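Here is how the chains run, residue by residue.
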Amino acid sequence: MKFKDHLKDRLTAYLIYGISWVLVLIFMAAFRIPFQAIVIVSIILLLTVIAAELWGIWRKKSYYDKLLHCLDELDKKHLLFEMAEVPEFLDGRILYNVMQETNRSMCEHIAEYRRENKGFREYIELWVHEIKLPVAGLQLMCHNDGNTKYAEQLKQIDDYIENVLYYARSGNAEKDYIVGSVSLKRAFADIAIKNREQLQQRDITLRTEDLDNNVMTDGKWLGFILGQLMGNSMKYGATEITVTAEALPDKTVLHFWDNGIGIPENDLPYIFEKSFTGENGRTHRRSTGMGLYIVGKLCKKLGHSVAAKSVQGEFTEIVITFGKNDIYDVR
Amino acid sequence: MKSIMIIEDEKTLREELSVLLQNAGYETLCVTDYENVSKQMKASDADLILLDINLPGESGETLLQDFRKQSDTPVIMLTSRTTEIDEVLSMSYGADDYITKPNNPTILLLRISAVLKRSARPSAVQKYHDIEVSTVKGSLLRKDAEQILTKNEMIIFQLLLDRQGEIVTRDALMTALWDNDEFVNDNALSVNISRLRGKLAELGLPDAIETRKKQGYVLK
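Protein chains in written order, with this note's numbering: chain S, 544 to 874; chain X, 403 to 622.
You may find that some hints are simply not true.
No farther apart than 27 Å at their CA atoms in a straight line, the calculated lysine-lysine pairs in the BS3-like style are these [what the hints assert, rightly or not]: (1) X:Lys539 - S:Lys728; (2) S:Lys692 - X:Lys545; (3) S:Lys609 - S:Lys545.
Please keep in mind that the hints were generated in silico from the structure rather than gathered at the bench.
These numbers were taken from a predicted model, which means no experiment stands behind them.
Isolated chain X, as found in the complex (with noise of 0.2 Å):
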């Protein structure tokens, strides 16, 4: 389990953050303690650090220039001031993603999997049981048989694989479609999700992707 450790000193964000990250499936690390917020970070294991600028003390921005000295952790920079010069200081400083407070919790959660997957540079080819998944080629490749997935399945069936056996939302599938510009609408979405579905069966595992009443579908 990846583990995120937020730097939010606001109480009540800071634990409504950590319930997100925690259903999401993060095991998360929450800093209560202002005075050594360097030491902390530095002495963390998290997998990523999601830090807010605003904070008693040192900001963000000087902890974040320290912290790149030593390690290359996924950051990603929470605030609630929205202007490009703090966005464009923030990446300068070596933050991996700029997040505006408030947000859209469904973009929060997609831009942490973003830089995590980026951070940890999977290889070309992920696997699904036997079947080879190629993102390069769009294809899902199982012995001799091929079934070539278009932009949009390719994008779904990519987010149910990173989170195999657990609950994929609708909103989360719809947010991630719409993030690579594919702005369908809720029957595309299924059909898409129907289309998958038959590739799959193809493929010799029809049951791959169940549905979840109300909550999203889950791949086995």
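Chain S on its own, in the form it takes in the complex (with noise of 0.2 Å):
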């Protein structure tokens, strides 16, 4: 609050003051009231208003301004009025009386959504859990009836169904998640093998390199990161496909590469955004723009960096980062 301001603010009262000052000076004036007395009258007066102005503005700015520091330390600025104290002045306690019942208004609106949105993504896990069952006995018929000309159609279920509940998983605001020693080698191995048909169909060669390496992460999320990767790979013409992990003293960085289509240049910087489907979505029909959106999102819960590398028509290259963190190493 700066003093130009508020000088500005009480424009109107001073001019009050300056006529009513006026006014007196033309009755004092008109009785005849010696010059000295008109004199020492008007210097109480401008003292008065200027005494009282300053314990005005005093009051008023050691309010505002404790108020806007605190704003400015803030991180989530609507829990401004659960810091500040109650003001003196009296149109102070209105506007604050005001805030504080609609900050609660607005608390109660956002608790039902949270609670509705809650309710939604339970259900959506609970659904998930539910369909599962019937296509786990169907892959099982396919397998036990020597039929695989259904099992490729259910594998895309079973892949559909688990972006579905790793959507849902990734906006949770609650921690679902259990981070610990994770064989590289292991989670892509596992990957490897559940797309196994698909790959061979293909002709796409796998080579891994260097996965002997343990990462601190959760392992079925890992594993979903891991599927997206290498569903992108197929879906874009990929013929080869090699993962390698470097290990560094503070980080393990794992290189998921293929020889695929490659991503736009001017396409790169947004392939993790959300329903992003860019030039490639536009020639190949089955981007939804999900996939990464949610990869990238997992992986920032899971607090690991992702980035990706492109040339189009040579390759991409998603590169995953993961901490060591001690917290973690317990042994």
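Could you fit the two chains together into a complex? Lean on the hints.
Rendered as structure tokens:
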């Protein structure tokens, strides 16, 4: 709060003071009051007004400065009124109460949405859980009847179900993962086996190097992430997938490389954004722009960083960096 | 014949699992009465138990905890819940493996045979006719003749030997190889098998591996 702003704010009051002073002067002159007395009265009036104004300014300024400072420091701005003191001056108190009231109403509103959202997410988890039973049943039936024709379709259904599940999980504010030591080799082999039929149909060669590393992550989530990346490689015409890991002193870097159609340079910065399909999306009808978005979100939640490199027509490489956190390393 | 107890309340799944396991040469015991599962578990002499987590009444996790106080029989948990938390919990209660539904049936069979093998604790040296199979050295030894197998050949031979006399599908062989980080393709599998045949022939067993058209291979 600047002094100048305050003066501007009080302009009308000063005008009224000025007019009343002029009137007082006129009346005092009319009653032939001695000049010295007029000067003394004027000075007293002026000092009174200045003192009152300064007191008013100081009172508000000290309150609002504190409030603004508080707002600056706060990470979650909407919590300001939980922190602020009740002002001593009337208009401040009124505004304070109004803000408290609206704040409370907003909180209730948000809580309701949060409840609804949570309920929805829980239902999705439950539903996924339920739908997996008939899928599992069908898969067994196919196998027992020696029917491989339906197996691929079932695999696709299962993949789409996983997408929904992890989308719901990625948006979850609660922590529903466990970070533990996960073998990259094991995680990759599991995903490779899961996709073996499709990989072999497309004659894709898998190569792995230096995967004898354990990383701190959630095994299931990592499995989903690798599955998504592998799905993308298959979708975008790769014939070779190479997965390597580098163990650095403070982190482990996983490189997921394929020789597919690549990503245009212009699209590269946006591939982790929701619903972004880009140029490849226009030429490949099955792009939803969700896969990498979910991957990005899961990585962020787990504290891994994810980035992409690509040269169109040559390769795509997704790089995931796993931190080595001593806190997790309990042995 | 190894017997497997199936505790899964979903009728279709239970029946299909039973067919799958029977086809793979196991004897199956299906639990159909979900009143006294714990008692039935303890009373059975199955070599392995497949246990669903979501059961009416007591959950699979509770049953497992209770069962472990009495028996070391291997237990594989089956679930459609896919969180690491469930898995960590199950393993801490003493499960030998944890498989999420739906899963590739071939992988399920592979895991079952792996768990059974672990619990049987076979000696480092197995016998095939009069050949000594050493998985540690990766070699086949007959009297003075020794053949060194590559990792892939050993995996293939091991699987055929475990199911000696039964048909092992290419699918199963492939899954076993991939499970060991050997991401071979169809051609490579054929090449590996013919090399393995060659090595067995050198040891005086030229027709040990028989091809069954469109089905797989049998080790005689």
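Q.
Please verify whether S:Lys692 and X:Lys545 have alpha carbons no more than 27 Å apart.
A. It is violated: about 48 Å lies between the C-alpha atoms, which goes past 27 Å.
*asked:* Please verify whether S:Lys609 and S:Lys545 have alpha carbons no more than 27 Å apart.
replied: With Cα atoms ~14 Å apart, S:Lys609 and S:Lys545 stay inside 27 Å; holds.
Does S:Lys728 sit within 27 Å of X:Lys539, going by the straight-line distance between their CA atoms? 23 Å, holds
Checked against the numbered hints above, the structure violates only hint 2.
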